[in-house]
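Protein chains: 2
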Amino acid sequence: MLDRFKVPAGDEIRVAEEALRETTTAVFEKMGVSAEHAAEGANTLVSTDLRGVETHGVSNMLRAYVQQYNDGKLNPRPNWRILRESPGTATIDADNGLAIILGPAAMRMAIDKAKVVGVGVVVMHNAGHSGALGHHATLAAEADMIGMVMTGAGSSMVPTFGAEPRLGTNPIAIAAPAKNEAFVLFDAATTAIAGNKLRLAARVGADMLPGWISELDGTPIMEETPMRERNQFMQLPLGGTREMGSHKGYGFALMAEIVSTMLSGALPAMLAPASGSKHFFTAYNIESFTDVEEFKENMDLVLKMLRETKPAPGHDRVLYPGLSEHEVEQERRANGIPLHKEVIQWFDDITSELSIPRLKTL
Amino acid sequence: MLDRFKVPAGDEIRVAEEALRETTTAVFEKMGVSAEHAAEGANTLVSTDLRGVETHGVSNMLRAYVQQYNDGKLNPRPNWRILRESPGTATIDADNGLAIILGPAAMRMAIDKAKVVGVGVVVMHNAGHSGALGHHATLAAEADMIGMVMTGAGSSMVPTFGAEPRLGTNPIAIAAPAKNEAFVLFDAATTAIAGNKLRLAARVGADMLPGWISELDGTPIMEETPMRERNQFMQLPLGGTREMGSHKGYGFALMAEIVSTMLSGALPAMLAPASGSKHFFTAYNIESFTDVEEFKENMDLVLKMLRETKPAPGHDRVLYPGLSEHEVEQERRANGIPLHKEVIQWFDDITSELSIPRLKTL
Numbered sequence: 001m002l003d004r005f006k007v008p009a010g011d012e013i014r015v016a017e018e019a020l021r022e023t024t025t026a027v028f029e030k031m032g033v034s035a036e037h038a039a040e041g042a043n044t045l046v047s048t049d050l051r052g053v054e055t056h057g058v059s060n061m062l063r064a065y066v067q068q069y070n071d072g073k074l075n076p077r078p079n080w081r082i083l084r085e086s087p088g089t090a091t092i093d094a095d096n097g098l099a100i101i102l103g104p105a106a107m108r109m110a111i112d113k114a115k116v117v118g119v120g121v122v123v124m125h126n127a128g129h130s131g132a133l134g135h136h137a138t139l140a141a142e143a144d145m146i147g148m149v150m151t152g153a154g155s156s157m158v159p160t161f162g163a164e165p166r167l168g169t170n171p172i173a174i175a176a177p178a179k180n181e182a183f184v185l186f187d188a189a190t191t192a193i194a195g196n197k198l199r200l201a202a203r204v205g206a207d208m209l210p211g212w213i214s215e216l217d218g219t220p221i222m223e224e225t226p227m228r229e230r231n232q233f234m235q236l237p238l239g240g241t242r243e244m245g246s247h248k249g250y251g252f253a254l255m256a257e258i259v260s261t262m263l264s265g266a267l268p269a270m271l272a273p274a275s276g277s278k279h280f281f282t283a284y285n286i287e288s289f290t291d292v293e294e295f296k297e298n299m300d301l302v303l304k305m306l307r308e309t310k311p312a313p314g315h316d317r318v319l320y321p322g323l324s325e326h327e328v329e330q331e332r333r334a335n336g337i338p339l340h341k342e343v344i345q346w347f348d349d350i351t352s353e354l355s356i357p358r359l360k361t362l
Numbered sequence: 363m364l365d366r367f368k369v370p371a372g373d374e375i376r377v378a379e380e381a382l383r384e385t386t387t388a389v390f391e392k393m394g395v396s397a398e399h400a401a402e403g404a405n406t407l408v409s410t411d412l413r414g415v416e417t418h419g420v421s422n423m424l425r426a427y428v429q430q431y432n433d434g435k436l437n438p439r440p441n442w443r444i445l446r447e448s449p450g451t452a453t454i455d456a457d458n459g460l461a462i463i464l465g466p467a468a469m470r471m472a473i474d475k476a477k478v479v480g481v482g483v484v485v486m487h488n489a490g491h492s493g494a495l496g497h498h499a500t501l502a503a504e505a506d507m508i509g510m511v512m513t514g515a516g517s518s519m520v521p522t523f524g525a526e527p528r529l530g531t532n533p534i535a536i537a538a539p540a541k542n543e544a545f546v547l548f549d550a551a552t553t554a555i556a557g558n559k560l561r562l563a564a565r566v567g568a569d570m571l572p573g574w575i576s577e578l579d580g581t582p583i584m585e586e587t588p589m590r591e592r593n594q595f596m597q598l599p600l601g602g603t604r605e606m607g608s609h610k611g612y613g614f615a616l617m618a619e620i621v622s623t624m625l626s627g628a629l630p631a632m633l634a635p636a637s638g639s640k641h642f643f644t645a646y647n648i649e650s651f652t653d654v655e656e657f658k659e660n661m662d663l664v665l666k667m668l669r670e671t672k673p674a675p676g677h678d679r680v681l682y683p684g685l686s687e688h689e690v691e692q693e694r695r696a697n698g699i700p701l702h703k704e705v706i707q708w709f710d711d712i713t714s715e716l717s718i719p720r721l722k723t724l
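Chains A and B, in that order, are what the protein sequence lines are.
Each residue of the first sequence is one higher than the last, beginning at 1 in the working numbering.
Each residue of the second sequence is one higher than the last, beginning at 363 in the working numbering.
Chain A extracted, bound-state conformation (with noise of 0.2 Å):
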């Protein structure tokens, strides 16, 4: 994540893993959720903080969700229906579920299946935020499988030479085990910038940088420009601009749409605006294509490969998807998981309001 979205040293204070997992799901069982899901949902949120990712963690997500059981938005005890199954696949509608709680068990669906026909894919429509998309894929990672996870929610994209927002940040993951190295976990939004990375921005003061958003007119703002009000801009594709591939960034954002929405017989947001998101859920279970431990150490081989790629001028060293991510793990599984002085006020204010302990820090 670059240094502009971290929380400022003097504005954090850290909390260990087990207080927040505790409070989280405390908070979550106030809202309705069962015991077992609060639990689930918690676990998804404090995974993503463990590992740095704060933009999809509980600081910047907890509140939302809390916000949108209130609002009726989301059902706390969803009864999903699965709607079409087949060997390798399953289409699931998730009643409303938020899919940090119910993308695991999909997910979890999918290894089942690919554990008996080579592949699984499970596909999820009227649902909540899946969270970090990583989150799901790495429970396929564990079980020696490659998950893949992508979404379709919103309509915050502008595409290639477009003035009106037609599709979703639709993030694309993957999770791939190693034997020695840190495992594989890329995660990433076809936008130049996840949905979330706004929000940060706003609460650290961010600038957007050059070919991050663009005009209402659609036109790509391509030099440094202060973050806006919500509406006052659109996102662009990965790319920025058509000259910098923005039509690919549109391209991987249109491929999840029709993998997490068209198949799961949904409309994306542009066409159905209340509709909830769309996830799409694979694992490729690796005994079925090659030997397991031969995969795992040819990971190894690439991720150190890549890992000891000699650096540019002015960088320390060549990084692959998911290194840094289990180096913060480490840290903070030690050191505590800090969070922004203002999270810790909210945590203060809902604790009091749903009559739970408060969040204790270090």
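Careful, some of the hints might be misleading.
Covered by chain A, according to a simulated footprint, are these stretches of chain B (three or more residues, beta-carbon under 8 Å) [what the hints assert, rightly or not]: (1) 444–453; (2) 458–471; (3) 527–541; (4) 568–578; (5) 645–657; (6) 666–674; (7) 712–723.
For the record, the hints were derived by calculation from the structure and aren't laboratory data.
Backbone N, C-alpha and C define an ideal beta-carbon position, used for all residues, glycine too.
Since chain A is already given, all that's left is putting chain B on it; use the hints.
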């Protein structure tokens, strides 16, 4: 395709689709390829030229394939071996066969598996070039499925912050059917521009735009610059710079490498330079997920809304991936395929050398 890559009008000579197909088939047969395989290879190339994707059509690729057959790098009579197989998956050793010929067969195998278990995944290593990856994906779309194809090949991409080339241009493609609209066909290198565009740029004398290539020390070149000699630059990931999202282009390239190369049990070119290309073919059977007619009608709604998006200042209209390719195909079927006069000269030379009838021009 950007104007800079198009054949200048004065330099083009038109040939009929059928004539190009016949001569290309004859060239393959002279390389020792069976009649059936030669026709398959010609079909992949000519279909690509029809769609206007010059970079991966006959003009840019056939002479390279001829060279590889002549050098013994390609096997004209490959016996592919299925190394592992499950109801939804297969792993294939392509025996050094060209993937423009074996790719369609792999995709048909994926389609057959998807008919039975809802999804089919076929990975192939030890293969030659795939041509335009999107071609293989279209075979799924024609069978009322979604096709997704990825390739791991080469090591011309410098990872974000790096100073050494590591991954290939690793393209990703998807095709999905619609009812009345032109079907979606997205096919993009995960580098800022495709490797074949570099060859084409050299031929038509196009400059490199900002964010496409790096200095040899890894520094992204952010101004327009003349095309350089082969070893005087590296290719940047989609995004160009970290701030513009090059870590995402790099991540997508790694994703393609993992599912095509690693899942095949192979190693990427950076570790095994002579290992050939690796490909990943997936077919999702729409009928297993949702109603096919409804899916296609929904796709029509989405694609119509995308192409009717109000354009930004300075632009005529908004496209979706596959739309302009469809339009070009209509025009070229009617008026012939334009080839650079220098390509016609190559055809005259090679047909003379191989003692086959000269390519008929219009």
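Okay, the hints, checked on the actual structure:
no., hint, result
1, 444–453, "holds (count 7)"
2, 458–471, "violated (count 0)"
3, 527–541, "holds (count 4)"
4, 568–578, "holds (count 4)"
5, 645–657, "holds (count 9)"
6, 666–674, "holds (count 6)"
7, 712–723, "violated (count 0)"
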